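2 protein chains.
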Amino acid sequence: MGMTDIKLNHLAIVVDDMDAALRFWRESLGLTQAGDVQSVPAEAVDIAFLTLGDAHIELIRPTTADSGVAEYLAKRGPGMHHLCLEVPDLDAKLAQLGESGCELINESPRERDGRRYAFIHPKSAGGVLLELYEAIPTVPKE
Amino acid sequence: MGMTDIKLNHLAIVVDDMDAALRFWRESLGLTQAGDVQSVPAEAVDIAFLTLGDAHIELIRPTTADSGVAEYLAKRGPGMHHLCLEVPDLDAKLAQLGESGCELINESPRERDGRRYAFIHPKSAGGVLLELYEAIPTVPKE
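So the protein sequences, as listed, match chains A and B.
According to the working numbering, the stretch in the first sequence is residues 1 to 142, in order.
According to the working numbering, the stretch in the second sequence is residues 1 to 142, in order.
In case anyone wonders, no lab produced these hints; they're calculated from the structure.
There's no promise every hint is true.
If chains are identical, the list can't say which one is meant, so a pair holds when it fits in one copy or spans any two.
Capping the alpha-carbon separation at 20 Å, the derived lysine to aspartate or glutamate pairs in DMTMM-like fashion look like this [as the list claims (entries may be wrong)]:
1. Lys-75 with Asp-17
2. Lys-7 with Asp-54
3. Lys-123 with Glu-103
4. Lys-123 with Asp-19
5. Lys-75 with Glu-99
6. Lys-7 with Glu-58
7. Lys-123 with Asp-16
8. Lys-7 with Asp-91
9. Lys-123 with Glu-99
10. Lys-123 with Asp-17
11. Lys-123 with Glu-107
12. Lys-75 with Glu-43
13. Lys-123 with Glu-27
14. Lys-7 with Glu-27
15. Lys-75 with Asp-89
16. Lys-7 with Glu-134
17. Lys-123 with Glu-58
Remember, it's a predicted structure, so these values are computed and weren't measured experimentally.
Model the full assembly from the supplied sequences, consistent with the hints where possible.
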């Protein structure tokens with residue numbers, strides 16, 4: 001069997017109480033928090049990252065009641081929300097998935113903060129909301 | 001910030017159709033399957049592993065209607081089921097979690113096939129069914 005070049009980037013967990021979540025994952029379990037809790041008003045969430053090898057657990061707390069993640073929390077309760085895998089060539093992977101009949105939430109990648117990403121619909125990914133991610137290489141400034 | 005010695009062992013995904021799940025994760029997405037699909041009659045499941053770095057995605061398909069995982073599938077549909085993290089000292093970690101008030105499904109580790117493991121109740125782990133795992137060192141036979 002060959003090696004694949006796909007690796008875990010992060011596992012996102014939706015929480016209703018960020019302090020309680022950090023008490024469990026950081027204080028009780030002993031994971032290391034990476035950076036501070038960040039507010040992301042554009043997505044109506046607070047987020048925090050915990051280091052897991054060279055990947056992360058991302059804690060997401062919705063800050064309004066009407067976002068997609070808030071609706072998910074209201075419907076299903078706190079728990080694992082989405083899986084983000086890093087791929088070397090996101091455009092090629094999305095084309096390959098589209099050809100095989102997968103439903104893509106983002107037909108072409110979105111881009112923000114030095115990363116390109118696209119979501120695959122859970123109905124095509126065995127019930128998993130799957131994010132595919134590609135790091136954008138940093139180009140040295142002249 | 002320090003490093004932690006906790007790492008991902010596997011992320012378990014419950015599926016209702018193993019062939020369809022393998023078509024997505026292996027054929028369409030391109031992950032490498034590790035070994036064949038295994039039947040585990042004692043747990044009434046079929047399982048398959050996909051390599052993700054030095055960890056795995058575990059696909060679980062219940063083979064009867066009355067197991068815990070079958071009930072989970074019937075209630076919530078296919079999707080992410082549990083998260084398994086590897087810790088260096090499982091006994092110490094369980095004691096630490098118990099002291100901090102976490103509800104343990106297995107108060108003391110279960111042991112099978114060269115591994116020791118215990119589950120933490122989702123109500124103590126932010127809605128995540130969390131498995132903690134410790135590899136049992138192989139002792140050379142005399």
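Structure-based check of each hint:
| no. | hint | in the structure |
| --- | --- | --- |
| 1 | Lys-75 with Asp-17 | within (16 Å within a copy, 25 Å between copies) |
| 2 | Lys-7 with Asp-54 | both (10 Å within a copy, 9 Å between copies) |
| 3 | Lys-123 with Glu-103 | within (7 Å within a copy, 33 Å between copies) |
| 4 | Lys-123 with Asp-19 | between (32 Å within a copy, 15 Å between copies) |
| 5 | Lys-75 with Glu-99 | neither (32 Å within a copy, 32 Å between copies) |
| 6 | Lys-7 with Glu-58 | both (16 Å within a copy, 15 Å between copies) |
| 7 | Lys-123 with Asp-16 | between (25 Å within a copy, 12 Å between copies) |
| 8 | Lys-7 with Asp-91 | within (16 Å within a copy, 30 Å between copies) |
| 9 | Lys-123 with Glu-99 | within (16 Å within a copy, 41 Å between copies) |
| 10 | Lys-123 with Asp-17 | between (29 Å within a copy, 13 Å between copies) |
| 11 | Lys-123 with Glu-107 | within (15 Å within a copy, 37 Å between copies) |
| 12 | Lys-75 with Glu-43 | within (19 Å within a copy, 29 Å between copies) |
| 13 | Lys-123 with Glu-27 | between (36 Å within a copy, 16 Å between copies) |
| 14 | Lys-7 with Glu-27 | between (27 Å within a copy, 16 Å between copies) |
| 15 | Lys-75 with Asp-89 | neither (34 Å within a copy, 36 Å between copies) |
| 16 | Lys-7 with Glu-134 | within (11 Å within a copy, 22 Å between copies) |
| 17 | Lys-123 with Glu-58 | between (23 Å within a copy, 18 Å between copies) |
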